[in-house]
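Chemist: Sequence:
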Amino acid sequence: MGLSPLTGRPLPACPTWVTGDVVYLRFHGSAVVYGGRYGREGLQPWATRIQEWLCEGRRVYAYFNNDAFGFALEDARELRELLSGAGAR
Numbered sequence: 011m012g013l014s015p016l017t018g019r020p021l022p023a024c025p026t027w028v029t030g031d032v033v034y035l036r037f038h039g040s041a042v043v044y045g046g047r048y049g050r051e052g053l054q055p056w057a058t059r060i061q062e063w064l065c066e067g068r069r070v071y072a073y074f075n076n077d078a079f080g081f082a083l084e085d086a087r088e089l090r091e092l093l094s095g096a097g098a099r
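Heads up, the working numbering is the position in the sequence shown plus 10, with the first residue counted as 1.
Hints are not guaranteed to be accurate.
Across the chosen pairs, the derived CB separations fall in these ranges [as the list claims (entries may be wrong)]:
1. Asp31 x Ala78: 28 to 38 Å
2. Ala78 x Gly30: 29 to 39 Å
3. Gly30 x Gly80: 27 to 37 Å
Keep in mind the hints are simulated off the structure, nothing from the lab. In this text, a Cβ means the ideal position worked out from N, Cα and C, and glycines have one as well.
Can you make the complete structure from the sequences, with help from the hints?
Modeler: Next up, the structure:
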């Protein structure tokens, strides 16, 4: 397993350590833990970083934690759309 940062903070404030070929990202919410929404603006820096990892041949898994308002599903779809040209599924 390569990376499991606390992604409640935006890049570049969130530290990233890649130590293997598999990158695991867990998104907990933005401003409000378990209740915040990242939106396109908050996810774009992560999409850029994920594309870099994919180009390096790494497998990247991004998980959006459940939240009280259902934003996790919306944010997951948004990230997938941002990565659509990068071979994301």
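Chemist: State for each hint whether it applies.
Modeler: To see whether the hints hold, each was checked on the structure:
1. Asp31 x Ala78: 28 to 38 Å: Given about 35 Å between the Cβ atoms, the range holds.
2. Ala78 x Gly30: 29 to 39 Å: At roughly 33 Å between Cβ atoms, Gly30 and Ala78 fall inside 29 to 39 Å, so the hint holds.
3. Gly30 x Gly80: 27 to 37 Å: Holds - the Cβ-Cβ distance for Gly30 and Gly80, about 32 Å, lies within 27 to 37 Å.
Every hint, counting from the list given before, is met by this structure.
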